[in-house]
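Going down the list, the sequences are from chains Z, C, L and R. Throughout the first sequence, residue numbering follows the numbering used here, covering 1 to 336 in sequence. Throughout the second sequence, residue numbering follows the numbering used here, covering 1001 to 1336 in sequence. Throughout the third sequence, residue numbering follows the numbering used here, covering 2001 to 2336 in sequence. Throughout the fourth sequence, residue numbering follows the numbering used here, covering 3001 to 3336 in sequence.
Accuracy of the hints is not assured; some may be wrong.
Which chain L residues face chain R? A few, computed with CB under 10 Å, are given here [as the list claims (entries may be wrong)]:
id: 1; residue: Trp2245
id: 2; residue: Glu2256
id: 3; residue: Ala2292
id: 4; residue: Ser2293
id: 5; residue: Arg2315
id: 6; residue: Gly2317
Derived lysine-lysine pairs resembling DSSO-like cross-links, with alpha carbons at most 27 Å apart [stated by the list, open to error]:
id: 7; chain 1: L; residue 1: Lys2072; chain 2: L; residue 2: Lys2100
id: 8; chain 1: R; residue 1: Lys3107; chain 2: C; residue 2: Lys1072
id: 9; chain 1: R; residue 1: Lys3107; chain 2: C; residue 2: Lys1100
id: 10; chain 1: L; residue 1: Lys2060; chain 2: L; residue 2: Lys2107
id: 11; chain 1: C; residue 1: Lys1100; chain 2: R; residue 2: Lys3072
id: 12; chain 1: R; residue 1: Lys3140; chain 2: R; residue 2: Lys3055
id: 13; chain 1: C; residue 1: Lys1100; chain 2: R; residue 2: Lys3100
id: 14; chain 1: L; residue 1: Lys2140; chain 2: L; residue 2: Lys2112
Treat the hints as calculated values from the structure; they're not laboratory data. Glycine residues also receive a C-beta, built at the ideal position from the N, C-alpha and C atoms.
4 protein chains.
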Amino acid sequence: MQLGIVGLGRMGGNICRRLLKAGHDTVVYDTSVETREALAKEGATATGSLAMLVKVLDEKPRAVWLMLPAGKITEDCVAQLGDLLEPDDIIIDGGNTFYKDDIRRAKQLAGKRIRYVDCGTSGGVWGLERGYCMMIGGPKEAVDHLDPIFSALAPGLGDISRTPRREKYDPRAERGYIHAGPSGAGHFVKMVHNGIEYGLMQAYAEGFDILRSKDSDDLPADERFSLNLPDIAEVWRRGSVISSWLLDIGAAALAEDPQLAGFSGFVQDSGEGRWTVEAAIEEAVPADVLTASLFARFRSRQEHTFGEKLLSALRLGFGGHVEAPEPNDPGPKAKK
Amino acid sequence: MQLGIVGLGRMGGNICRRLLKAGHDTVVYDTSVETREALAKEGATATGSLAMLVKVLDEKPRAVWLMLPAGKITEDCVAQLGDLLEPDDIIIDGGNTFYKDDIRRAKQLAGKRIRYVDCGTSGGVWGLERGYCMMIGGPKEAVDHLDPIFSALAPGLGDISRTPRREKYDPRAERGYIHAGPSGAGHFVKMVHNGIEYGLMQAYAEGFDILRSKDSDDLPADERFSLNLPDIAEVWRRGSVISSWLLDIGAAALAEDPQLAGFSGFVQDSGEGRWTVEAAIEEAVPADVLTASLFARFRSRQEHTFGEKLLSALRLGFGGHVEAPEPNDPGPKAKK
Amino acid sequence: MQLGIVGLGRMGGNICRRLLKAGHDTVVYDTSVETREALAKEGATATGSLAMLVKVLDEKPRAVWLMLPAGKITEDCVAQLGDLLEPDDIIIDGGNTFYKDDIRRAKQLAGKRIRYVDCGTSGGVWGLERGYCMMIGGPKEAVDHLDPIFSALAPGLGDISRTPRREKYDPRAERGYIHAGPSGAGHFVKMVHNGIEYGLMQAYAEGFDILRSKDSDDLPADERFSLNLPDIAEVWRRGSVISSWLLDIGAAALAEDPQLAGFSGFVQDSGEGRWTVEAAIEEAVPADVLTASLFARFRSRQEHTFGEKLLSALRLGFGGHVEAPEPNDPGPKAKK
Amino acid sequence: MQLGIVGLGRMGGNICRRLLKAGHDTVVYDTSVETREALAKEGATATGSLAMLVKVLDEKPRAVWLMLPAGKITEDCVAQLGDLLEPDDIIIDGGNTFYKDDIRRAKQLAGKRIRYVDCGTSGGVWGLERGYCMMIGGPKEAVDHLDPIFSALAPGLGDISRTPRREKYDPRAERGYIHAGPSGAGHFVKMVHNGIEYGLMQAYAEGFDILRSKDSDDLPADERFSLNLPDIAEVWRRGSVISSWLLDIGAAALAEDPQLAGFSGFVQDSGEGRWTVEAAIEEAVPADVLTASLFARFRSRQEHTFGEKLLSALRLGFGGHVEAPEPNDPGPKAKK
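Produce the complete structure using the sequences and hints provided.
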């Protein structure tokens, strides 16, 4: 099957490669000549503009997969394709678009009878080898039409154990992709996926912090442990309830550097965590853990918040307390 | 009435002064000669040792008020007084002792028929003038015996509006002190008081942070406000639902320096916040706000947590994300 | 000065009354004939439609204060007034409108040279007597023009102690109102005010919960206290760091019914708390306490979340644990 | 190698079976005759009392593994074994004991030269088949002596991928057990493991709650999705960043009943979650996610908290709001 791919960064490039490996035909475009030429050498048909890409696609209906940074770049590209494509053609947004933007775009393009598919794509740097987990939203016929593409990109059954009693459910889920619902549903599910990811990461982060800080001078000598974090991460991968892929990655990072000295502790967030909290608020669902995970990242990017200064000002005001700003002072130890 | 006072720091000294002003007789001891001599000049009887203080007290039963840092110092002093005092004498611990220590001490001293009273004392640097709010635990007869002392230290009715329908309740509460229950109950109530204080402070801190950060370059130009925090704090003191004494103090601090530039944002915690959370856990009471307030202080005292470094390591591991550790970078703005 | 008032519910009616008392002239409209007639008897000029109200207003520029539920009702009324009013006339939205709606409306009305003022109004059922605390956004000349109205509605200096070192700041803040900034700034400040309110309330709620649950059979007998909550609330009003207007109200409620048996514990939220969290997210400000307060309300309105059922399902799946759904069971007591 | 086992519940029984399968010799005791006879039929030597068990153990030093509920039962059994055993003998506590109890016991038994080993054991109902993940604390020689036992119980390398760059670390971790440190260290690491488990579970719980509540009448029609949770759980197991063993279990539970109608949502906590938070507090480590996860369970076990009633009382007091206690009402929808 033929697929146009726009955006050949780490994700887009590897998606192209995985499709080529599966025998599909790809027509690609990227603003970087170098990048698109590199893929041409691997078997893709490189083109020099969106218009050219659309022209070169000769299977109808055409299908163009966008793998671009969410926001203005994707927005503009969808708009241009809306002008270039014909009725029945399909645009797939494989990036991390906010699902309400999908809903809006799908409506706009429907006016031109162009079909819009939103595809949340998980897999990161490992997708080329392991396959991509995809959560897809949009019209059924478009999603069905693209099945060979999704099927090739997905991990497939592999050697992951099968979930009992799944016979009555959609077999695509087991192979690593689902049609989640109408436009926006794919990115919505991917968004919540990332929100959960924040929560899982923060749970491990706090746990390892508690392990590491058990070696503190403020604790009674016989309650002080100097724990081997790489070994602990490793043993938890083996038969414990908290084994996971994230833990696998954490174990590798700790094995390489138990102090994680190469990391500043300044942590970005990428949008989905925020939108997940906003969705929780819209639905009146308490989401304490997902939100605390997001806020921990916000806090990690500041030296001190203004709020913290206000706390000190209040303490001075009512109690005459003067804060001693020694770095990393754990404060007066709680007495028992 | 005669009262021994041990520990003449800011709190102890002012308690002594307020009692002198009310015509009570105080016998004082502090390890600092200078401090005790200063109070002698204001009318107190200064003594040079705990033993001497006990000897000089000639009203029986003797009553000795300890106003010392919680922990070992108070513990040692209680032990010594346990040896020096006689049956029916009373020890009052007016500091911030952990209530379970009160329960233990009261039991131990009961063996000698010495009475132990725990008194949580709020009022900070303002107590001399405004009076102290006191939460008292211990045997009823001892608390009743000390009523002239508590009555003199308390703010009294003053011009604070009276709560409707309080006729059937203990009138002491309106005057600023209560007998909360048996040994430990006084410090337990004071402990929860401080736990609430953390929560209130953090609520204001977050709110002012949100106001201040509304002037961020990352926001759309017409949604950006440069707000006058001193005026906002002031107006909220006037007829709004969130007026409080803490807000009064915040308004004063912001009026003096709207940037709070003199504060580092490094915030101590003093024990009661921790114990309050532990009490919540023992009782299986969800206390999300009080706990988050405590953790915000913990976090304020570190440059970066180890947990945050682990987050970065995980992000690198699964997504190839390299964190850009520019200080105070708010991160990629959430798209809508 | 003459003011049109639309919406004569508890807030609108009392605003009208307070203005009448101050000698201002009010022209009012409400869909309820009864309500507007009642105010006519107190001195207002009642009218039977928006159009009539605009016609009756004879001071130019006209000023119309809307005191309506936020959302569609206010939106429609603003739109109608936009058609009825003339250049230089002023619309004041005194309700709880989302500040981004203010920004939009102000822009739209500016096309007709009608001036739009957003006024966050705090004071609740107490405003008539105590005055209203007002946070105002919009063009300076419009706000200045309305000063007699704001001044009459505000509490004024009263007997609240003055904040030291405020000489250099806007004196209006001390009298209970501020011009916070351009369109939307008034409601933004009011929104954060309510966000803080949620946090303060939740801090008290958790604290009193910890006090009350100290009387639990699961605790060791000598660590169990049966505390008098009405007395505790009262004593904290007297010289303690956590005294506040909310505590005054809590003390009154507890004095009337220490068990609060008349309340179900089902707690609404009114929009501002949600918007405050969303603002925090947009600004990348950690707001753990304000968010936890909001989520506690969400949770209070459900019997059990689906998430909790999933927790039980997981516990069964990995550990064979079967949950014992006895109501109010505090669970296995933590051992020490 | 010979091992005594006390306590033959689900965990103890399966530990015995796994050792028998590996060719070890087990001498067992349980208060239930039936239970111990059942294991005798599978190859264990059943005894009728602790004293008898100690007598029958003929390999010196003796080693006795306790697999009992944490608390008084384990405590008593350790005390009795302390009287029955001889110098150099080893007691292994494989249950969920609080690590400070281990530290105390190890000290007490050291006086009799009996060695005490604490072993946190993860694996739940799956351990017999998959092996147990073990975190061990205590004296090195004792732990080394027991290596054949730990090695047999552990999962071994299996087909789990190996962590890169682990050559320089303890190879036992890869096989599923570690010697974490001195007495208490094993249970401390297991405790944090369970704390993390709470956090992971809550992250999934909140995420699935947000997915499920996306089908709410309060949302705009085109933003409402009716999502298939079994398929979503399944697809996330396949190449996504949040795949984990807990997700495997969740997928199975949802496949069996997408509504989880058989679960009440009343969720127990078992001690380790509480102790983890207390450890965080002792170390001044912010642990927002682990704590929120614990509190969500506390909250799940109550119909309404007293705190929530106080919120309603305050809302009535300052705003005249009367709460409408309709069940599962999501409250006024946030306007945008």
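Results for each hint:
Here the hint on L:Trp2245 is kept, as its CB sits about 8 Å from the closest CB of chain R, short of 10 Å. Satisfaction of the interface hint for L:Glu2256 is found here, the shortest Cβ-Cβ separation to chain R being roughly 9 Å, below the 10 Å cut-off. A distance limit of 10 Å between C-beta atoms decides the matter here; for L:Ala2292 the minimum to chain R is near 8 Å, and the interface restraint holds. Look at L:Ser2293: its Cβ gets to within about 9 Å of chain R, closer than 10 Å, so that hint holds up.
Interface restraint check: L:Arg2315 against chain R, minimum CB-CB distance 7 Å, threshold 10 Å, status holds. Here the hint on L:Gly2317 is kept, as its CB sits about 4 Å from the closest CB of chain R, short of 10 Å. Of the supplied pair hints, the one linking L:Lys2072 and L:Lys2100 holds, its CA atoms being roughly 14 Å apart against a limit of 27 Å. Of the pairs offered as hints, the one joining R:Lys3107 and C:Lys1072 holds, with about 24 Å between alpha carbons and a cut-off of 27 Å not exceeded.
A threshold of 27 Å between alpha carbons decides the hint, and for R:Lys3107 with C:Lys1100 the separation of about 25 Å falls inside it, so the pair holds. A C-alpha spacing of about 22 Å is found between L:Lys2060 and L:Lys2107, which places the hinted pair at or below 27 Å, so the restraint holds. Between C:Lys1100 and R:Lys3072, the direct Cα distance comes to roughly 22 Å. Compliance with the 27 Å bound is thereby established for this hinted pair. Of the supplied pair hints, the one linking R:Lys3140 and R:Lys3055 holds, its CA atoms being roughly 26 Å apart against a limit of 27 Å.
About 18 Å separates the Cα atoms of C:Lys1100 and R:Lys3100, which keeps this hinted pair within 27 Å; it holds. For the hint linking L:Lys2140 to L:Lys2112, the alpha-carbon distance of about 18 Å falls within 27 Å, and the restraint holds.
In summary, this structure violates none of the numbered hints.
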